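Enquirer: Given next are the chains, with one letter for each unit.
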Amino acid sequence: MPTYDLSTGGLRGLNEALHAVSGATPNEGWTVLNPMGSHAIAVGLDAPVQVTVKGPTGYYCGGMNKLATVHVEGSVGPGVAENMMSGTVIVDGDASQYAGATGHGGLLNIKGNASSRCGISMKGIDIVVHGNIGHMSAFMAQAGNLVVCGDAGEALGESLYEARLFVRGSVKSLGADCVEKEVRPEHLDLLADLLDRAGAKAKPEEFRRFGSARTLYNFDIDNAY
Amino acid sequence: MSDQENQIPRTVPIQSATFSSPVNAEIRRAAATGIYDIRGGGAKRKVPHFDDLLFLGASVSRYPLEGYRERCDTSVTLGTRYAKTPIELDIPITIAGMSFGALSAQAKEALGRGASAAGTSTTTGDGGMTPEERRHSTKLVYQYLPSRYGMNPDDLRKADAIEVVVGQGAKPGGGGMLLGQKISDRVAEMRTLPKGIDQRSACRHPDWTGPDDLEIKILELREITGWRVPIYIKVGATRPYYDTALAGKAGADVVVLDGMQGGTAATQDVFIEHVGLPTLACIRPAVRALQDLGLHREVQLVVSGGIRSGADVAKALALGADAVSIGTAAMIALGDNDPKWEAEYRKLGTTAGAYDDWHEGQDPAGITTQDPMLAARLDPVEGGRRLRNYLKVMTLEAQTIARACGHNHLHNLEPEDLCALTMESAAMAQVPLAGTDWYPGKPGGGY
Ligand SMILES: Cc1cc2nc3c(=O)[nH]c(=O)nc-3n(C[C@H](O)[C@H](O)[C@H](O)COP(=O)(O)O)c2cc1C
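From first to last, the protein sequence lines are chains A and B. 44 is the number of the first residue of the first sequence in my numbering; add one for each residue after it. 5 is the number of the first residue of the second sequence in my numbering; add one for each residue after it.
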């Protein structure tokens, strides 16, 4: 189990070492000590490596992740798991703005709360937030699932495309073109699976679903020529 | 008295300069449809431009180089500041980012072929990287845009440089636009969007705002790509001094500055014509910003927006740019707006040279379309050959001028080689009005 002390080794050395891990050595576990809010920790990973970060991180932890599991035992700064493709990023604490922004795949599991713009422009990622999320979350979200066990802030799902949003608590307000939709059996199955994978205790039946009304998909032209 | 002699003189019908016939036609169009005009291309209005500058050439005090024989180098290296592998180009003319989606896959391939044959780079766009363009581009710059359509780390690692797009000259402050007609299955899939929607890209990056965040974003991109490739920042020309300074401070290797004449695939006409600065007006402030930071030539400056000829290239370089970038001109070289399609342009209610409804996807030249039948009209090999020839001519022209001014490298061109034909261009380029030693705003000039 390699251990890497960021306070002595530096960021470049850490990412270089993690990039050198190939698919041929699965499940190798790495522990990162003294992250102390550093930015860009464990970004661009491309192998099924397990990374445990012992403490809080700065911006973009786990950014563009593929295949790896990054577990932060602390809170994370803005843009955690941004543009993630696959794999898992777990945050034991809270997440700052833009968590999971533009993510294409994988699971982002936030045990605490997420701040504003959680899931902004998401393109296929699954995000489970055990606590609450801030305003403008899932702005222009294109695809994937955002599951919120707590409450959602203002303008949830503003200008939403095809992402599915599930909220258990209250929703302060919905953004333009975001509407509540019926929860069908397939959504309950989806929720059950995501909650199970994220280790969240909530029941699928407790969630409401929100999606796009699709009224902004095309320009409103009075007399097309 | 005859009837004729009785007639009282009348005023002739006078059209209003304010309510001109194009203005009135636009009011009628707006009244009928309820939607603003959307089009491609850059600003069509006349603004001070490179045409308003002249080179002085050699004289008694400066001797020229032999036009056909003496060496005049054209190479440029982009990304010397931090990248382990900077981009080395044979010529200082690059192909600007134009998206697959706006352009056909064949057109993208042709751009890659032409640029590669000419020893220069081409650039992806707001729609991700296609395998065709990667395969046919020896040097490919991967754009990192607010929309992040198709953005993925595999393509990022395949790129020879990364261009973080903050804005475009045609629409600084606006995102891209791709209307439903062009959202084919392939385009929809690459962008993770439903087919047929009028797609309006984000205008702002989803996970950073402001220069301090940008610095961290650049760090992340460098960490992902192992500090190997250069990172460019592309900005629309609005506040060139500050934008260039902030990009430099945030750690950019290259600043790409795009003036208001710069083309776009589609946006509101009101945006194209009324927002942003002319290309000519933004070069000197950007150069000054780099000089003030001690970064001129260490951070390279690439200028775009209305570059058409070797003379434009030479003028941009003389004002302090390291390279230029072309979009519209490259499309014209491929065959865009060619009069040979006049009959078809007429059917679309336009004429060769004026066709700008690129968003509608019916391009007779087969360039700005996703219609397989139309796209098949452009042969990527022939298109590549034409682009290579055009790039070669531009380079020869720029060399001709540089030699006449006595320089053995295009980068040795300098503001002292230039004069201006108008007060406006003298003020913007900060070179003397022709025949004087004065320009508006000249320090100590008294005005
Ligand atoms: C058809 C077309 C598509 C474009 N797509 C993009 C794009 O995806 N991203 C971008 O940053 N700029 C885009 N641009 C702008 C160009 O990168 C460049 O800034 C501009 O074309 C330069 O000005 P010029 O057309 O006068 O040469 C596009 C331009 C055109 C003409």
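Derived from the structure by calculation, the hints contain no laboratory data. All values reported here derive from a predicted model rather than from experimental measurement. Glycine is no exception: its CB is placed at the ideal position from the N, C-alpha and C atoms. Check the hints yourself; a few may be wrong.
[As the list claims (entries may be wrong)] Away from chain A, derived, C-beta distances all over 10 angstroms, residues of chain B:
#1 R161
#2 L223
#3 E420
#4 W442
[Stated by the list, open to error] Interface residues of chain B toward chain A, partial, derived using beta-carbon atoms under 10 angstroms:
#5 L69
#6 Y72
#7 R73
#8 R195
#9 D202
#10 P215
#11 V274
Enquirer: Give a verdict on every hint.
Expert: Status of the hints after comparison with the structure:
1. R161: violated, 8 angstroms
2. L223: Not fine: 5 angstroms to the nearest Cβ puts L223/B too close to chain A.
3. E420: Label holds. Min Cβ-Cβ 43 angstroms, cutoff 10 angstroms.
4. W442: holds, 50 angstroms
5. L69: Result: violated, 46 angstroms to nearest chain A Cβ.
6. Y72: Check failed: Cβ of Y72/B comes no nearer than 50 angstroms to chain A, outside 10 angstroms.
7. R73: Nearest chain A Cβ about 49 angstroms off; hint violated.
8. R195: Check passed: Cβ of R195/B comes within 8 angstroms of chain A, closer than 10 angstroms.
9. D202: Since the shortest Cβ distance to chain A is 5 angstroms, the answer is holds.
10. P215: Status violated, d = 14 angstroms.
11. V274: Given a least distance of 15 angstroms, the restraint on V274/B is violated.
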